[in-house]
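**Q** Position chain B relative to chain A; hints supplied.
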Amino acid sequence: MRTGSIYTETVVHLAPERFAADVPYQVAIIDLDQGGRITARIEGERVLIGDHVTEARAEGDISYFRKS
Amino acid sequence: MRNGRQVVVAGAGKTPFGAFADKDLRTLAVAAGNKALENARTSPDAIQAFYLGNFAGPEFTSQNHLAPFISTALGMKGIPSTRFEAACASSGSAFFHAYHAISAEIYDVAMVLGVEKMTCQPTARVTEILAGAGDTTSEVLVGSTFPSLFAMIARRHMHDFGTTREHLAAVAVKNHENGALNPDAQMRKVITLEQALNARPIAEPLGLYDCSLISDGAAAVVLCAADRAREFIDKPVKVLGAAQASNYLALDQKDDITTFPALRAAAEEAYEMAGVTAKNIEFAEVHDCFTIAEIVAIEDLGFVPRGQGGFFSFEGGTRRTGAMPINASGGLKSKGHPVGATGVAQICDVVQQIRCEGGERQLKRHSLGLAQNLGGSGGTCVVTILGRD
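Same order as they appear, the protein sequences are chains A and B.
Per the numbering used here, the very first residue in the first sequence carries number 15; after that it's consecutive.
Per the numbering used here, the very first residue in the second sequence carries number 12; after that it's consecutive.
This is chain A alone, in the form it adopts within the complex (with noise of 0.2 Å):
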């Protein structure tokens, strides 16, 4: 499982028509402790800059993360 801390985020409000159903969705960017950086959707609790997070499940191309 990957896991990171939270580089930013932002919650959509306004998507395209394939992820409509979805919002409000948040979408973060990621700092992975395995070193890196991805985007990836937060499902579960909102998190904020600095937060650790914990991958949860994939979806598709979408990586879904937790707070930790």
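Be a bit skeptical, because a hint or two may be false.
[What the hints assert, rightly or not] Simulated restraints on C-beta separations:
1) B:237 x A:73: 54 to 62 Å
2) B:175 x A:74: 34 to 42 Å
3) A:36 x B:177: 27 to 35 Å
4) A:35 x B:177: 29 to 37 Å
5) A:57 x B:73: 33 to 41 Å
6) A:37 x B:332: 24 to 32 Å
7) B:242 x A:35: 56 to 64 Å
[To be verified] Derived, one-sided and incomplete: chain B residues facing chain A with beta-carbon distance under 8 Å:
8) 152
9) 154
10) 156
11) 158
12) 159
13) 166
14) 209
15) 210
16) 213
17) 246
Worth flagging that the hints you see were computed from the coordinates, not collected in a lab.
Just so it is clear, the structure is predicted and the values come from calculations on it, not from any experiment.
Using N, Cα and C, we set each Cβ at its ideal position, and we do this for glycine too.
**A** Below, chain B without anything else, positioned relative to chain A:
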């Protein structure tokens, strides 16, 4: 980059920006092109090459092969006509390439025209098309929208430098204050700080008033070698510096998202070409696709120290009466943002100020101006410096 021969803007023309159900892409483009020809007191026969800036005409309107589609409608025949695409910096990039072709003595006279027709698609589809300016193999796949990329830049800028939502809102309030005086602006209304702060969220912390508009419009300039300028116009405006630079599309590939390295690189080169520094620039049109983008731009251009853009904006430094007037036109926020037209439109706005044709928005100091055009979330940046002797 080597400086070639001097290039000048011999004519400039724009359509109003707005939502025009009765005007298609080509109609808008031809209107702007004809205005620029008229302004340069010349005819299509004088144009030796046509440079089109357009981001997503094929996606918005199903028409491809756009450059000759437009140049022939303007009455130009047989000349090279090429479309440049660099997201929101498409026509800035077209201008950069036209400038260098004349500077390098390949042509004497060229037209640069930017156009976008966006309001023919519903907002969700527009959002999808604009997201194509980001990296569709990473950030866009997980649901990042164009506003959300700038929202993440804003969040980090707030975290690192103490920028606030009030600072962001002050940018919107100022740009609407200017745009309200611009007869060609799309949203000619003054807004309050409270209205901006209480607007519905688009991508937190950005609300509706932090975002530029969905617009139709076109803008064009006639460029020529300085030694031929008198054939066209009495008071040409000199292009003193023109630079373009690039960087990653995806934010997660950048070390620090609170600055645009492509902007810094283009600015440095444009200043060097013009033989000036940021301190010499008297006013600027910067790429405020989102309020945070204007704050980062004035920092990266060197008008204010790193991290001070929000504070400087909130204190009024960027108003028409401030120390560094920014977006006296109303900016993308109020004037409108027909994506592919924006780069040339900014140059038209700077030319207008230098020629002292700014009407109620005319600035006191207007002899040396800068236009900064950003593509995507920083993948391309074009900086142009214009002035009189």
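**Q** Can you list which hints this structure breaks, lowest number first?
**A** 6, 14, 15, 17
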